[in-house]
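Engineer: Next come the chains, spelled out residue by residue.
Protein chains: 2
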Amino acid sequence: MPLWRVFIFASVALNVAALPLLLHQYIVSHPHHPGVVSPDQQQHHAYAPQPGTSGAAASAPSTGKPAVTTDSVINLDHGDPTMFEAFWRETGDAAELVIPGWQTMSYFSDVGNVCWFMEPLFDQQVRRLHRTVGNAAVDGYHVLVGTGSTQLFMAALYALSPADANQPTSVVSTAPYYSSYPAVTDFLRSGLFRWAGDANSFVGDSYIELVCSPNNPDGAIRDAVLSSGAGKAVHDLAYYWPQYTPITRRADHDIMLFTVSKSTGHAGTRIGWALVKDREVARRMTKFVELNTIGVSKDSQLRAAKVLSAVSDGYDGGASRHRLFDFGRRKMVERWRMLREAAAASGAFSLPEETSGRCNFANETAANNPAFAWLRCDREDVEDCAGFLRGHKILTRSGNQFGADPRYVRVSMLDRDDAYDIFISRLASLK
Amino acid sequence: MPLWRVFIFASVALNVAALPLLLHQYIVSHPHHPGVVSPDQQQHHAYAPQPGTSGAAASAPSTGKPAVTTDSVINLDHGDPTMFEAFWRETGDAAELVIPGWQTMSYFSDVGNVCWFMEPLFDQQVRRLHRTVGNAAVDGYHVLVGTGSTQLFMAALYALSPADANQPTSVVSTAPYYSSYPAVTDFLRSGLFRWAGDANSFVGDSYIELVCSPNNPDGAIRDAVLSSGAGKAVHDLAYYWPQYTPITRRADHDIMLFTVSKSTGHAGTRIGWALVKDREVARRMTKFVELNTIGVSKDSQLRAAKVLSAVSDGYDGGASRHRLFDFGRRKMVERWRMLREAAAASGAFSLPEETSGRCNFANETAANNPAFAWLRCDREDVEDCAGFLRGHKILTRSGNQFGADPRYVRVSMLDRDDAYDIFISRLASLK
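Chains as they are written, first to last, in full-length UniProt numbering: chain A, 1 to 431; chain B, 1 to 431.
Treat the hints with care, since some could be wrong.
Since the list gives no way to pick one copy over another, a pair counts as held whenever it fits inside one copy or between any two copies.
[As the list claims (entries may be wrong)] Cross-link-like lysine-lysine pairs, in silico, DSBU-like; alpha carbons within 30 Å at most:
1. K65 to K287
2. K277 to K65
3. K287 to K393
4. K287 to K277
5. K393 to K65
6. K65 to K431
7. K431 to K393
8. K393 to K331
9. K331 to K65
10. K331 to K431
These are calculated hints, taken from the structure and not from any lab test.
Pulled out of the complex, with its shape left as it was, chain A reads as follows (with noise of 0.2 Å):
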């Protein structure tokens, strides 16, 4: 047959045999595409049925608190971070993981580190952070993960006191305090460590004070108020990142605390670390968690570094264009403003001072934006402000729960846009 016939011939074969593979390429790569990736692509992507799957084996991961109306009850109650969830859909897969079936499988990560469940990646991104941002030292300090803060915290209670002492140790953090610590330290009615309230009315040498900067929950920056030789500190900065407060010094204590939750958003993910000085402390710390978990999921930290490393990525010269604290600082500034017009168009809610510093990492004037407002009702006749605005369909936390007045509560401001916007015209109609 003439040779056109012969190449027609092998052109239609390879056609025919290159079509399928398009069509699966088309597939493939359409999740990884940057941009917003809807829950049916993740939900293809991550949760294609296998054979033999139950149908409800591919449904998608959940998606936290249901979406709300206007006649829905807006819970404000946790700090649920989930306004952060707009910023990482516009990332794409730069903040993307994916975990083989076969990957740390192991319970140890770094035999030679003194926090022996550390993955090395999570430890090189929580010190590459705090040096693109300024916020706190790392040189000469241990990085330590935990399962969010709070076991991190646990673990410092430990780890600070003394097992000979035929006495717990007093733990105290001046009013407002975070309502989290009597209550974490207090559960399981420990021998070693016991809430002692306030720090500001604590007499005695030997103590634990917990500083909580920018506080939660009322956004105060806060030094300790106790010292003595035999007293330690653990300092709680959990909000101290460029969205919520301006950055004014590289903080240097002795054991720091921060999380992924409040920095990030990823409250979900459970990861918290400690920047600590002293070895034998680490150690110790690190003994608690080993009891408490034996260590902390790995794919978790991972995540954690993923997500790091892409904040990180969006300052050092890299070229993402995707800048975290830039995000969160114009939600926070915006929120705040929204909030101050709604407490001024009420009559009946008087909000914090306004205060504000030189940012080292903006390098420009910036206000303090905290996390939770701490509102407090004016009305003569309401003494529980947190009953009051339950009786709205909106739900807060009383300032009883944080060792101050009733008349006070804490409104997270991570919520998101949609649930925000009905708080915001809800409380501005209450008068």
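Place chain B on chain A using the hints.
Structural biologist: Coordinates of chain B only, in the frame set by chain A:
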């Protein structure tokens, strides 16, 4: 121009257009190809360097303990289940998880569930696997997720100890008992519960009895030895899986603990679960996890769901040719044969008698092949077996840590082949 020329032109154009896509398709699909995925491929896949990423950030996730040579110290002290890596390397992407940057950022997973931080996918796959294996009842049970079963063990002690008791509840277990039970029970000196030793020597009505079956360290099949109206039992069924022991009945105790560490080998993922009958006990256990770590890593819950799904896929009529329990059973039978031969060749050691039973899952008679060897040193001049083996660069856990005779040691049977083979040859050479 004649039609055939137009057709040739079109064919050539299409082929030229197809070529780069065909090549890209090959490259993209390569890491997904079933079979061994090299660390380099994995690193490229999950850790393709981002712009601005430091060199360190491009390094690979951890691989656990370093590789061993014939001169190495062989560490079989912990039950590090790296034996299972070989299986999961063969499953390709069946158990691979992809997590987009914006996924599961909330603290909440299922606000309607007692265990509000549990991913519904995890709950579904836990129930599916137990139905597939038949080792535990799930209907009428609450599933609770924990950061490994150790956290759920503490949660159970918290939930079962009366908060108003003026004395700590006694926690007991039949010796030899898992060395972590006394350590985890007492490290915080809780006023709620206290370790009280061997269940067989316990006197009293109010207690929590820990029943580990098959038992860590000796593999014995256990039932509760105490019974009183005020007493409670917690059944630790971490090893009640077909690779270790015949599945003789569907367990239906009040509180049953399981973990992926020993069922699938994913110790680094730190995921365990509890099956709990009583709703109030489930609520209090959930409260413990809330206070301890504010929930459990959702990344790891989703990974565990994917892994458990891949295991069930191998057995419920699906197309999957990968069968975890077949692999595990083969390995354990082989390793126990090697160990008994080595002990016989040495003459200096003895092992528990082999037991067997009818396995309802395998539908055949199967031997008990424990995840740990409870090895006794029979030499008259050796009273500290762990010390004797340490002298030969074999690290094990001494019997005295299990409330037993230091002539016994616990040896992990779940390490990688290279380490296990060196252990066997060394043991056989000891006289």
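Engineer: If a hint holds in the structure, say so; if it doesn't, say that too.
Structural biologist: Hints, verified against the model:
no. : hint         : result
1   : K65 to K287  : between (35 Å within a copy, 19 Å between copies)
2   : K277 to K65  : between (39 Å within a copy, 27 Å between copies)
3   : K287 to K393 : between (44 Å within a copy, 25 Å between copies)
4   : K287 to K277 : within (16 Å within a copy, 32 Å between copies)
5   : K393 to K65  : within (15 Å within a copy, 53 Å between copies)
6   : K65 to K431  : within (29 Å within a copy, 64 Å between copies)
7   : K431 to K393 : within (15 Å within a copy, 76 Å between copies)
8   : K393 to K331 : within (24 Å within a copy, 59 Å between copies)
9   : K331 to K65  : within (20 Å within a copy, 45 Å between copies)
10  : K331 to K431 : within (27 Å within a copy, 72 Å between copies)
In the structure shown, no violation is registered for any of the earlier numbered hints.
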